[in-house]
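K.L.:
Sequence:
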Amino acid sequence: MSAVSTAPSKPRVAVLMAAYNGTQWLQEQVDSILGQQGVDVTLFVSVDISSDNTEQWVTALSEADARVVPLPYGLKFGGAAKNFFRLIRDVDFSGYDYISFADQDDIWVADKLVSAHQTLSNTRFSAYSGNVTAFWPDGRQVILNKAQAQQKYDFIFEAAGPGCSYVLKVAEASAFKQFLVDNWSAANNVSLHDWLMYAWFRAQGLAWYIDPCPKILYRQHANNQVGANEGVKALMARLSLMRSGWYRAEIAKITQLLSADLPTLPAELKTSGKVPLTFLVKNFNCTRRRLRDRFLLAIVIIFGIY
Numbered sequence: 001m002s003a004v005s006t007a008p009s010k011p012r013v014a015v016l017m018a019a020y021n022g023t024q025w026l027q028e029q030v031d032s033i034l035g036q037q038g039v040d041v042t043l044f045v046s047v048d049i050s051s052d053n054t055e056q057w058v059t060a061l062s063e064a065d066a067r068v069v070p071l072p073y074g075l076k077f078g079g080a081a082k083n084f085f086r087l088i089r090d091v092d093f094s095g096y097d098y099i100s101f102a103d104q105d106d107i108w109v110a111d112k113l114v115s116a117h118q119t120l121s122n123t124r125f126s127a128y129s130g131n132v133t134a135f136w137p138d139g140r141q142v143i144l145n146k147a148q149a150q151q152k153y154d155f156i157f158e159a160a161g162p163g164c165s166y167v168l169k170v171a172e173a174s175a176f177k178q179f180l181v182d183n184w185s186a187a188n189n190v191s192l193h194d195w196l197m198y199a200w201f202r203a204q205g206l207a208w209y210i211d212p213c214p215k216i217l218y219r220q221h222a223n224n225q226v227g228a229n230e231g232v233k234a235l236m237a238r239l240s241l242m243r244s245g246w247y248r249a250e251i252a253k254i255t256q257l258l259s260a261d262l263p264t265l266p267a268e269l270k271t272s273g274k275v276p277l278t279f280l281v282k283n284f285n286c287t288r289r290r291l292r293d294r295f296l297l298a299i300v301i302i303f304g305i306y
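Just so you know, we're using UniProt numbering here: the sequence shown kicks off at 1 and counts up by one.
No wet-lab data here; the hints were simulated from the structure. Here a beta-carbon is modelled for each residue, glycine too, at the ideal position from N, C-alpha and C. It is possible that part of the hints are untrue.
[As the list claims (entries may be wrong)] Listed next, the in silico SDA-like pairs over lysine to any residue satisfying Cα-Cα at most 20 Å (straight line):
no. : residue 1 : residue 2
1   : Lys-253   : Phe-176
2   : Lys-152   : Leu-297
3   : Lys-152   : Arg-290
4   : Lys-253   : Phe-279
5   : Lys-152   : Gly-205
6   : Lys-233   : Asp-293
7   : Lys-274   : Ala-186
8   : Lys-233   : Gly-245
9   : Lys-270   : Tyr-306
10  : Lys-152   : Asp-293
11  : Lys-76    : Asp-97
12  : Lys-76    : Trp-184
13  : Lys-270   : Gly-245
14  : Lys-270   : Lys-233
15  : Lys-270   : Ala-203
[Said to hold, decoys possible] Pairwise CB distance ranges, derived in the manner of DEER restraints:
no. : residue 1 : residue 2 : range
16  : Gln-141   : Pro-72    : 34 to 42 Å
17  : Asp-31    : His-221   : 15 to 23 Å
18  : Ser-244   : Leu-277   : 15 to 23 Å
19  : Ile-143   : Ala-222   : 20 to 28 Å
20  : Gln-37    : Gln-141   : 20 to 28 Å
21  : Gln-141   : Asp-261   : 23 to 31 Å
22  : Asp-138   : Leu-75    : 31 to 39 Å
Can you make the complete structure from the sequences, with help from the hints?
P.N.:
Laid out in C-alpha cells, this is it:
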C-alpha cells in the first residue's frame, strides 16, 4: 500500500506591490518575494503611470510567471498611499490566508512571510510588522527599531513601522477593505496608508505584533517617498513637516475617520489635530512608543512647532 501524503498545505499570501518608475530595483525585490520559503505567494502589482517601462516589465514577468498579477494600467496616483488603497480595494482576498504589502525597491529575507505566519497562526494577534534594516549605496546598514512597547495612543501619532513589513490576517484585512471602501474619499486624503492601517486596527481593539527581528533590507536612495528617520538631516526634514502643519493635518484626518471608535479623544484633536496640553500632560507616556519621540512630540507641541 502506498503512503498517502498528509503534508499540510502552505499558507497562501497575497502580496500587494505599488510600483512607479522602479525598473532599476524591481528584479531584486520581486525575486526576494517569489523566493519566500514555506508559503505560496501571489504578487499583485499596481503600476502608477511611469516613464521607465515599469508597466511593460511587470507585464512581461506576469506572462512568464503566473504568480505575478498586474492590475489594469493607466491610473495616475501621485503617491504610494493612493496606489496601495487601490490595491486593497481591487484585489480579491478570497482564497488567501494573509495579505502583505511590498515596496518596489527593498529586499526581503527568505523567511519574512513564514515568520509572520508562525506569529499569527496560533496567537491572538491580527496583524504583524517588524523592524527593518535600512541600507545605503555606500554599504552602511542601520536597524530601524520600531518594536518598542505599544502605548495606548501611539497609533494616533505614528505607524507601526514601514508598511512593507505589514502582514494581516485575511478576515481583518477584509474588514479594513470594507472600511476603506465605505470611506473612500476621506481615506484617500491620508498621506500614509501604513499609518491609517495601523490606526484602524488598533482603534478596533485588534492586537498587533511588532517583531524585533528585521526581515527586510530597506533600501535608501534619493527617490524614497518615505525613508529612514535617521540622523540630523532626517530630523530636520521631519521638523520642517511639523512646522508646515502636515503632521497635525494627518492626525486630524486619521482621527476623524476613526472618531466613532475613539469617543474619549478630545474633540479638537479630532477636528484640527491639535493636542490639548491637558491631554498631553495626562497621556505623555501613552503617545509615541519611543521615549525620545515622546519628548520630541511634547517639545514641538509646547513651543508651537507642531
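K.L.:
Confirm or reject each hint.
P.N.:
Right, here's what the structure says about each hint:
no., hint, verdict
1, Lys-253 with Phe-176, "holds, 16 Å"
2, Lys-152 with Leu-297, "holds, 15 Å"
3, Lys-152 with Arg-290, "holds, 13 Å"
4, Lys-253 with Phe-279, "holds, 19 Å"
5, Lys-152 with Gly-205, "holds, 11 Å"
6, Lys-233 with Asp-293, "holds, 16 Å"
7, Lys-274 with Ala-186, "holds, 19 Å"
8, Lys-233 with Gly-245, "holds, 19 Å"
9, Lys-270 with Tyr-306, "holds, 15 Å"
10, Lys-152 with Asp-293, "holds, 15 Å"
11, Lys-76 with Asp-97, "violated, 30 Å"
12, Lys-76 with Trp-184, "holds, 16 Å"
13, Lys-270 with Gly-245, "holds, 15 Å"
14, Lys-270 with Lys-233, "violated, 30 Å"
15, Lys-270 with Ala-203, "holds, 14 Å"
16, Gln-141 with Pro-72: 34 to 42 Å, "holds, 38 Å"
17, Asp-31 with His-221: 15 to 23 Å, "holds, 18 Å"
18, Ser-244 with Leu-277: 15 to 23 Å, "holds, 22 Å"
19, Ile-143 with Ala-222: 20 to 28 Å, "holds, 22 Å"
20, Gln-37 with Gln-141: 20 to 28 Å, "holds, 22 Å"
21, Gln-141 with Asp-261: 23 to 31 Å, "violated, 38 Å"
22, Asp-138 with Leu-75: 31 to 39 Å, "holds, 36 Å"
Violated hints, listed in ascending order, are 11, 14, 21; each of the other numbered hints is respected by the structure.
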